[in-house]
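Participant: So the sequence lines, in the order shown, correspond to chains A and B.
Under our numbering, residues 1 to 563 are what the first sequence spells out, in order.
Under our numbering, residues 1001 to 1139 are what the second sequence spells out, in order.
Don't read these hints as lab results, they were simulated from the structure.
Any given hint could turn out to be false.
Stated by the list, open to error - Now the in silico label distances, taken between C-beta atoms and shown as ranges:
#, chain 1, residue 1, chain 2, residue 2, range
1, B, A1035, A, E222, 52 to 60 Å
2, A, A89, B, A1044, 41 to 49 Å
3, A, Q264, B, A1044, 50 to 58 Å
4, B, G1096, A, E451, 54 to 62 Å
5, A, R336, B, A1039, 55 to 63 Å
Said to hold, decoys possible - Pulled from the structure, derived: some chain A residues nowhere near chain B, Cβ distances all over 10 Å:
#, residue
6, M93
7, T137
8, D174
9, R227
10, E360
11, V379
12, D466
13, N503
This structure is a prediction, so every number in the text was calculated from the model and none was measured.
Where a beta carbon is used, it is the ideal one built from N, C-alpha and C, also for glycine.
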Amino acid sequence: MITRREFLQASLAASAVYGASGFGNWSRLAAQQALTQDQLLQFDDFGNVTLIHITDIHAQLKPLYFREPEWNIGVGDAKGQPPHVVGPAFLDMFGIKPGTPEAYALTYQDFQALAKSYGRMGGMDRVATVVKAIRATRPDALLLDGGDTWQGSYTCLKTAGQDVVNVMNLLKPDAMTSHFEFTLGIDRVTEIVETLDFPFLGANIFDAEWEEPAYEPYKIFERGGARIAVIGQAFPYMPIANPSWLFPNLSFGIREERMAEVVQEVRDAGADLVVLLSHNGFDVDKKLAGRVPGIDVILTGHTHDALPEPVLVGQTILIASGSNGKFVSRIDLDVREGKMMGFRHKLIPIFSDVITPDAEVAAAIEAERAPFKAELEEVLGQTDSLLYRRGNFNGTWDDLILNALIEEREADIALSPGFRWGPSLLSGQPITREDLYSCTAITYPNAYRSEMTGEMLHTILEDVADNLFNPDPYYQQGGDMVRVGGMAYSIDVTRPQGSRLTNLTMLKTGEALDPAKTYVVSGWASINPDTEGPAIYDLVEAYIKRKGTIALDPNASVAVTGI
Amino acid sequence: MTLSRRKALTLGLGGLAFAAIPGLSLASTVEELTAAFTAGATAATDGITLTTPEIAENGNTVPVSVDAPGAVAILLIASGNPEPAVATFTFGPAAGRQFAATRIRLAKTQDVIAMAKMADGSIKQAQATVKVTIGGCGG
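Construct the complete structure from the given sequences, taking the supplied hints into account.
Facilitator: Here it is in structure tokens:
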């Protein structure tokens, strides 16, 4: 093994990691107030191996607005560390000026105004242009998809993932891993996987009965004169965070010992470079990197973080490539003598108005959408508020959903899951059916109405809060806090489970939540089988149509301390 | 001839001397269980590996395994269960490996404790927190 000092010297000398990496270029572009495709793609080839990473697309084939989080609290050792840095602090940390394209892409401030200046981001046709351009200079480049690809849009739901599969196949990925894919149901996943020209990797996916590996753990590629092992790691808490009845015979988990075994296995097989294509979530990967030796690169996913520079843990570099097609990461590596000697990295922002769509992929996307055109484009209403979801606590998209649940289901309290997917809409935009589905399209959509005691509700909120704020990343599930309507609370994120939430108050009456009293609660995305109620997208559609225009009051129902 | 997995497991169990703790009509506390097992010896933390999921996928059947090379007995405790005693595995001299795997029911989030008694009477201990969660809001 090379020492950390040697490693840093190698990378600094050979690639001038920070000085000449993507971010310096971005700042210059901002100064020029001009963006071109050539500038976005500009990259001085380095080393002999190239990785292209994209993750958490959530079936978003078309360009979109996606506001990055205003709240992304890190607890324990993660406090104040990337990716738990947002807004102005993020700009300071990475030397970005406010109001620039990169500030718009990576932070939330002035989102509405900057979105109008810099336009939508993403689009798989634009991503295809970037991938093809990289492959033109680096034909051996590996395209690795971190999963959460086959879920999240109207057309994906209606075609059971086929539209995204067809489009992604044109990009020719070399491997992928998974999370929401399994919510299509195991039979459908198996059906799709059998058609893929690339492996669907998951070292941590096991047969639940026999505890035997259920999917290929890794694939070794010969590229650029090096043997590159790509190990896949699916979302560890699949049967806990999503309905296990959709994939009843599978077990997941972090399985750190298994990862160590697989890394050893690929090293023994002669791998010069070990890449972990992960859907663990950033903090889990960061902990894993410090405990499992021998991984050179972790391509992180699940927590939707976008970082302009890699995070180093020992000799492992962690890459965070964002979500929803907003970014593609390119990592060039110098791999010699069985070692990673240095790297150069760029987080490429997919400004949809700057990057020319790839004609073939653009046509394929339109062909997938054509049968659904009328349904997709139907306008349900208009929003006078900026609608966004991402953030540790209530976002406006979920405020809208919560209001709809309370009204349509005549509930005292509403709950909406802390999903991190779901694009944003600017105030003044129409809300189409496609927009609504991009924030609600799941295969277990029933909006339940049930009775819960105040005590039970408090227990549920504490349980979810611990999934987010447990100081040990291995106990975090990677979603955001469940959104609550009809109720306010205070939360001290530093407290242990059971004592984080206080001042639980009913908004309607101003009374404290009574542990003994029974309340009517409505919510969606229950993981229990046989959940009854209308589909969430039908319920919210009826609500938006009835309201006509959506205008949300500022939400001050959650008071956060301990940050 | 291919040995089926089921047969192999059966054989494997035959090779191990497996003994559920007898006569537990009254729940013993964690302290009572460990005191009886260790006979007062202080536990070391090396040489024993306890493998559990961090978060249980199903609290009713949580896979747990303990590897303690050289052990003559392994005690498994679910510290937060109404009945903390889970099992004691004993290994005879012919045992090829001092390893035990089983599935246990966990009533709530708690520490699972494994203790191994070595041939010289020394004790090794490992523990891990297994979270039993309501779940359902990840993504």
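Participant: It remains to establish, for every hint, whether it holds in the given structure.
Facilitator: These are the hints, each one checked on the structure:
1. A1035(B) / E222(A): 52 to 60 Å: Once the Cβ atoms are compared, 59 Å apart, the range 52 to 60 Å for E222(A) and A1035(B) holds.
2. A89(A) / A1044(B): 41 to 49 Å: Cβ of A89(A) to Cβ of A1044(B): about 45 Å, so the range 41 to 49 Å holds.
3. Q264(A) / A1044(B): 50 to 58 Å: Check failed, 26 Å falls outside 50 to 58 Å.
4. G1096(B) / E451(A): 54 to 62 Å: Holds, since G1096(B) and E451(A) (Cβ atoms, about 56 Å apart) stay within the stated range.
5. R336(A) / A1039(B): 55 to 63 Å: holds, 57 Å
6. M93: holds, 27 Å
7. T137: holds, 36 Å
8. D174: holds, 26 Å
9. R227: holds, 30 Å
10. E360: Since the minimum Cβ distance to chain B is about 32 Å, E360(A) lies beyond 10 Å and the statement holds.
11. V379: holds, 27 Å
12. D466: Given that some Cβ of chain B is not farther than 10 Å from that of D466(A), nearest at about 8 Å, it is violated.
13. N503: holds, 21 Å
Consistency note: the structure conflicts with the earlier hints numbered 3, 12.
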